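Participant: Position chain B against the provided structure of chain A, taking the given hints into account.
These protein sequence lines are chains A and B, in that order.
Residue 4 is where the first sequence starts when you use the numbering used here, and the numbers rise one by one after that.
Residue 318 is where the second sequence starts when you use the numbering used here, and the numbers rise one by one after that.
Rather than coming from a laboratory, the hints here were simulated on the basis of the structure.
These figures come from a predicted structure and were not determined experimentally.
There could be a bad hint or two in this list.
[Claimed, not checked] Beta-carbon label-pair distances, calculated as ranges:
| id | chain 1 | residue 1 | chain 2 | residue 2 | range |
| --- | --- | --- | --- | --- | --- |
| 1 | A | Asn-39 | B | Ser-709 | 13 to 23 Å |
| 2 | B | Glu-480 | A | Arg-136 | 44 to 54 Å |
| 3 | B | Pro-607 | A | Pro-139 | 48 to 58 Å |
Just so you know, even glycine gets a beta-carbon here, dropped at the ideal spot from N, CA and C.
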Amino acid sequence: MRLDLRVVRIHGDDIDTDVLYPGPFLNIEDPELMKNHLFEGLDPTLRERLGGDTALVVDANFGSGSSREHVPRAMKSSGVRCVVARSFARIFYRNCINLGLLAVAAPEIVAAADDDALLSIDLAARTAAIGGRTIPLAGLNPLIVETVAAGGFVEWARQHPPASARDGGVVRR
Amino acid sequence: MGHTLTEKIVLAHADVDQVAPGDVVMLRCDVVLTNDISGPMAIATLARMGVERVFDPGRVVVVPDHFVPAKDVRSAELQKRLKDWADGQGVAFYGQGRGGIEHAVLVEDGWVLPGTVVAGGDSHTCTLGALGAFGTGLGSTDIAACLAYGHFWQVVPGTIQVELTGALGAFASGKDVIFEVLDQIGVAGGTGQVLEFVGEGAHRLTIDERLAVANMAVEAGSENGLFPADDTTAAYLAGRARSTWVAGASDPDAAIAKRISIDLDHLGPLVARPWSPGNIAALDDVIGTPVDQVYIGNCSNGTMTDLRQAASILDGRKVHPRTRALVVPATQKVYAEALTEGLIDVFVAAGVMVSTPTCGACFGGSNGILAEGEIAVATTNRNFRGRMGAGSSRIYLANAHVAAAAAVAGELVDPSTVVEVVSG
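If we strip away everything but chain A, and leave its shape as in the complex, we get (with noise of 0.2 Å):
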């Protein structure tokens, strides 16, 4: 899987699911819909700069707070293919995996990453490309690689189906 890439870049740590997705817009349920109101409590006019190619390059523990899946949801309409963080809070990390938008945390893509500039991901490489370097992406789970080349975790579960409802699984390092 490799994915071509445009960054938008957003500063500040601790960007939390509420300034990216208010409560208020919490009983939307479809996705096309949900995309009108994503970071609407911290910026609106960055939905107008999402393509089909978007990398959102953000700071440290992007995503803290609620569950709400809707964050990720909206990004994936708007076009985001791909977020690139100093770090990650769980759950927005998560739901990211589940729905197969690349979550990669990357300290090093961040600091190179300017507004526009092209990104480049070979996710069967582990590796970034971006102002004429390349990085290693360090630390991906497989698990978490095969969830995102599924399309998600609907996805993933059907190509492994459970033994049995009540199937623990393997550890993958």
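Facilitator: Frame of chain A, contents of chain B only:
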């Protein structure tokens, strides 16, 4: 090398012989919880997975609580679909007026047991660690996986041990304990970790106080706020637990990522200033801040303990003319108990609005939304920008004593001055 309590819980819920922080395991759930926001989305995902029946109806609990009572047609449709689905699956369903706020309902009704795994479609599922469970918040796709297969992928967390010594003084509460943790480690300091509370000070905390502490573990980025079960836990669960359980604790030689300590004897009331739960200050530093709205309630601090604290300050007094105040009991049972104890009378006489249990304005849903520029003091768990309404509104998070005192004074004050001035 021994194991942490969390590692022991993981070992008992995954088909693995050994674990270390960072491993990814498939973790079996003892209980799966969902609500009117994460639930309908999870149900739709379940359908997309081609799964018609949940893995075990006896292990699934559905509690509509967010946009409850329905604030508009869209919310009503979600709640109707959730109820119809729950009825069709034969899972436990706490209908409106019968349950309350999900985490409080699960604890109160014996679903949460030490050593168990509870997967909840709400970030504050970490509250359930107060009873020694691994309760953790998940999104809708995770919840769909749990409903379908009874398990979810989990990165084995490390453990930060928080040693509590001493005992809480007057006007300090469980809320201040977690504020102090947030002040020490920050809003990302617990990422990939469980906060485990140990020491004589931890044993001295009541279940309500432990719930207040555990509830905001996620505000430090943590997966769970864990109180290993003790005699207090056992007494609380007697006659309530839905199954047998065994207490557990971390081994003395377990690998602990970090240790911090808090002396409860010297823990004064603290507040979290806008716009972060980690923006902690001593109450003294914010005294005199005018207050438009006081909100006492939610999944962290809508317990009988909180309501009693608030009533002790509001008894015989009035809410200040410039301020409006809401009390939101966490569950219908808390509401009924407060009624029996006369607390509701105190609130109504003081000019407080008393609401049915709901997540309501805590997440900006309904039932107490702030206008531009307004300032609230809330016993809730998040004060992010716009969390309770308009983008320029500001929320100070505080314990119930401080919130009630602010309602009386119309500004942030030391609760002891309210009690003294008016009674003296």
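Participant: Next, verify each hint and record whether it holds.
Facilitator: Hint by hint, here is what the structure shows:
1. Range check, Asn-39 (chain A) to Ser-709 (chain B): about 22 Å between beta-carbon atoms, so the 13 to 23 Å window is met.
2. Here the CB-CB span from Glu-480 (chain B) to Arg-136 (chain A) is close to 45 Å, well matched to the stated 44 to 54 Å.
3. In this structure the supplied range 48 to 58 Å holds for Pro-607 (chain B) paired with Pro-139 (chain A), their Cβ-Cβ distance being about 54 Å.
Violated hints: none; the structure is consistent with every hint.
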